[in-house]
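> Sequence:
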Amino acid sequence: MRIPSTLAVAALIAVLLGCEAADPTVTGGPLAMRRLTAEQYRNAIEDAFGSQVEVAGRFEPDNRREGLNALGAAMVAVTPSGFEQYEAIGRSIADQVTSPELREQLLPCQPDTPSAADAACTEQVVRKFGRSLLRRPLTEEDVQARIEAASLAAETQQDFYAGLRVALVSMLVAPEFLFRVEAAQPAPSPGQENRLELTNLSLASKLSYFLWNRGPDDALLAVAQRGELTQPAVLAREVDRMLASEYLVDGVRAYFEDVLLFDKFDNLSKDVGQYPIFNNRMAADAREQTLRFIVDHLVAQQADYRTLFTSRTLPMTRSLGAVYGIPVRAVDGWETAVLPQNQPRVGLLSHASFAMLFAHPGRSSPTLRGVFLREALLCQSIPEAPADIDFTQFVADVNAVHNTARDRLDVHSTQASCRKCHVLTDPIGLGLENFDGIGKLRTTENGVPIDTSGDFDGRDFSGPAELGQAFADNPLVSACLVQNLYRYAVGREETRGERPLLRYLEASFEQNSYKLTALMRDIAVSEAFRTATAEPQSPPEQVVSSEPARDAETGSSAAVGDAATIGGKST
Numbered sequence: 002m003r004i005p006s007t008l009a010v011a012a013l014i015a016v017l018l019g020c021e022a023a024d025p026t027v028t029g030g031p032l033a034m035r036r037l038t039a040e041q042y043r044n045a046i047e048d049a050f051g052s053q054v055e056v057a058g059r060f061e062p063d064n065r066r067e068g069l070n071a072l073g074a075a076m077v078a079v080t081p082s083g084f085e086q087y088e089a090i091g092r093s094i095a096d097q098v099t100s101p102e103l104r105e106q107l108l109p110c111q112p113d114t115p116s117a118a119d120a121a122c123t124e125q126v127v128r129k130f131g132r133s134l135l136r137r138p139l140t141e142e143d144v145q146a147r148i149e150a151a152s153l154a155a156e157t158q159q160d161f162y163a164g165l166r167v168a169l170v171s172m173l174v175a176p177e178f179l180f181r182v183e184a185a186q187p188a189p190s191p192g193q194e195n196r197l198e199l200t201n202l203s204l205a206s207k208l209s210y211f212l213w214n215r216g217p218d219d220a221l222l223a224v225a226q227r228g229e230l231t232q233p234a235v236l237a238r239e240v241d242r243m244l245a246s247e248y249l250v251d252g253v254r255a256y257f258e259d260v261l262l263f264d265k266f267d268n269l270s271k272d273v274g275q276y277p278i279f280n281n282r283m284a285a286d287a288r289e290q291t292l293r294f295i296v297d298h299l300v301a302q303q304a305d306y307r308t309l310f311t312s313r314t315l316p317m318t319r320s321l322g323a324v325y326g327i328p329v330r331a332v333d334g335w336e337t338a339v340l341p342q343n344q345p346r347v348g349l350l351s352h353a354s355f356a357m358l359f360a361h362p363g364r365s366s367p368t369l370r371g372v373f374l375r376e377a378l379l380c381q382s383i384p385e386a387p388a389d390i391d392f393t394q395f396v397a398d399v400n401a402v403h404n405t406a407r408d409r410l411d412v413h414s415t416q417a418s419c420r421k422c423h424v425l426t427d428p429i430g431l432g433l434e435n436f437d438g439i440g441k442l443r444t445t446e447n448g449v450p451i452d453t454s455g456d457f458d459g460r461d462f463s464g465p466a467e468l469g470q471a472f473a474d475n476p477l478v479s480a481c482l483v484q485n486l487y488r489y490a491v492g493r494e495e496t497r498g499e500r501p502l503l504r505y506l507e508a509s510f511e512q513n514s515y516k517l518t519a520l521m522r523d524i525a526v527s528e529a530f531r532t533a534t535a536e537p538q539s540p541p542e543q544v545v546s547s548e549p550a551r552d553a554e555t556g557s558s559a560a561v562g563d564a565a566t567i568g569g570k571s572t
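Numbering (the numbering used here), first residue to last: 2 to 572.
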C-alpha cells in the first residue's frame, strides 16, 4: 500500500479546508489524565531506543468506558502489583540498552572506567533519552537526581552500567512517563472566567497521541518549548505537518482498533470441532485485514468514510482466502482482492474480523453483532441482558422446529424483558447470518435456508450488501464517528457546552466529503481541543486499594485510584 507523499497530502488538505468557517467558540471540558496504553508504551520505547529493544512483559488491563479504552485510560491508576510489572519491564529495557550487544549503538558515550561511576557520561545518557521519555525538556533537578542515584549504584557494585540502569529505570517508572497529565494556565475570556489554556507541552503531547498514538517528535517539542504551539496559526501548521506524516497511519489504526473493540482478539477462541480451519494466524490476519482496509481507504485513497461499508476491494492473505472462498496467489504476505459481485459479501460489516469477534466459540450470534453495530457504529446504548434470561433455545440440541438463529430468536424475544432490546439488535444482526462464527459464507443452517432480510430503522434490506448500503446512507453512522473520534481525542465524554462543536464537526465532515483527515484536522485545531474548563470543587475522595477493581462491563481487572474521578461515566 502506498501512502501519499507529504506534499500531496498537504495540498489535498489545503484544498479541502481552504474555505472553512471558524468553529464555534467553545471551551474544552475538564483536564484529563490518561495512563499510556500498551501500544503507546511500546511506541515510546521505540522512539527513544529504536525498534531493536524489545518490550516484554504483561501490562495492567485497560478499562473500557463508553465503548472506548481511550476514555477508560483516564479512570485507572497503577496498583502495587502493576508497578512491579512496570518496573520489571523497565529493568528488561534498561538491560537491553546497556547490554554489550547494543550499548555502543544506542548510548552516546562510553565511561572512562567501566567499573566506576562516570557522571559526565551518565548525564549525556539521561539527557538523550529523558526528553523523549518524559515528553518535555529535562530540568537540572531531573538530571542531577539521576546522576546521583546512578553514581551511588555504580560505586556500590563497581559497575558503571549497573548505575546507568538505575537512572534509566527511574525514568521508565516515572509517573510523567506512564501517565499523560494535562497542565494548563488560567486564560479567562468574557463570560468564561474559568477558562484554561493548555500549556504548550501538554498540547504537544495531546496532539501527538491523537494523531500519531505516540509522543511528540523533536520538531513538535521544539515549537512547544518556544511557546508557539498555542498560537492558532502555528498549531494549524503543525497539524498539517503531522497529518502528512507516515505516523498518521499509526494514529488511524489506533483509533479504529479501539472503537472496533479489537483488543478482544487477544482472548479470541473458537471450537475447532465446529471450525476446523480456524487458527491463531487466521485470527491475526483477520484483524490486520480490517485495519489495512481502513487505512488504505481513509489515508492512502482519502476516500469517503461511508465507502467502508460498500467497498468490494480488500487486502487478502492465503489463510483468509479459505474463509472468503477466494483463490490467493501469494503463499505469504498480502495481495489485493476484489469480492465477486455474485455473492452477498461487501464492505466492513462482512469482514471476517467482525464475524469472529461477535460470535460465540461454536456458533454465530446475531444479537452480539447487532449490539456491536448499534453501540460502536451508531453510538446507541443497549442495556445488559437481565440475569434471569432463559437461554435454553441456544444451548439445547437443535430440533426440527428451531433450526435457524432467526427461529430461536423469535421464541426468545417473546419474553417481555427481552423484546425491547432484541427489536433493535436482531434485525440487523440477522442480516449478517450468511456469515458463520468465523466469517465463512453459508446459505443454510442445519439444512434450512437462512433468511437475511430485515428492517434497519425503517429501511428494508434483503441481505448483507443492502445492509451495508443502508449503513453508508444513515447519517447516524457519520455522526457517531464524529462523537467517538472527539471523545478519543480529548480522553473524556463531551460536556454539554461542547455539543455545538460536535454539530459543527458533523456539518464540516459532510462538507469535506466525509474525509477522515479533514475531521481529524478540525478537531485538532479547535478551540476546545487546546483549552479546558476549571471545575471549582472539593478534592475527590481517593480510593486506594492493593487489589484491582473489577470492571462491570468486561470483567477485567482495572485499578481505581485518585484518577477515578476523571473522564466519562461507566458503562
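It is worth saying that the hints were derived from the structure and are not from the lab. Since we're looking at a predicted model, the values are computed, not measured. Honestly, I wouldn't trust all of these hints.
Unchecked claim - Label-pair restraints from in silico Cβ distances:
hint	residue 1	residue 2	range
1	A535	P115	50 to 56 Å
2	Q53	R313	38 to 44 Å
3	P501	N280	47 to 53 Å
4	V174	P384	38 to 44 Å
5	G498	R330	54 to 60 Å
Claimed, not checked - With a straight-line Cα cutoff of 30 Å, these simulated DSS-like cross-link-like pairs (lysine-lysine) come out:
hint	residue 1	residue 2
6	K441	K271
7	K516	K265
8	K265	K441
Beta carbons are placed, not taken as given, at the ideal position from N, Cα and C, and that holds for glycine.
> Would you say the C-beta atoms of P501 and N280 sit inside 47 to 53 Å of each other?
The hinted range 47 to 53 Å holds for P501 and N280, with Cβ atoms some 50 Å apart.
> Given the proposed pairing of K441 with K271, does the C-alpha separation stay at or below 30 Å?
14 Å, holds
> Go ahead and decide if the range 38 to 44 Å is satisfied by the Cβ distance of V174 to P384.
Cβ of V174 to Cβ of P384: about 41 Å, so the range 38 to 44 Å holds.
> Tell me if the straight-line CA distance from K265 to K441 falls inside 30 Å.
20 Å, holds
> What's the verdict on K516 and K265, does the C-alpha distance respect the 30 Å limit or exceed it?
28 Å, holds
> Is it true that the C-beta distance of Q53 to R313 lies inside 38 to 44 Å, as the hint says?
At roughly 40 Å between Cβ atoms, R313 and Q53 fall inside 38 to 44 Å, so the hint holds.
> Do A535 and P115 keep their Cβ atoms within the hinted range of 50 to 56 Å?
52 Å, holds
> For the hint 54 to 60 Å, verify it against the beta carbon of G498 and that of R330.
55 Å, holds
Comparing the model with each numbered hint stated earlier shows that all of them hold.
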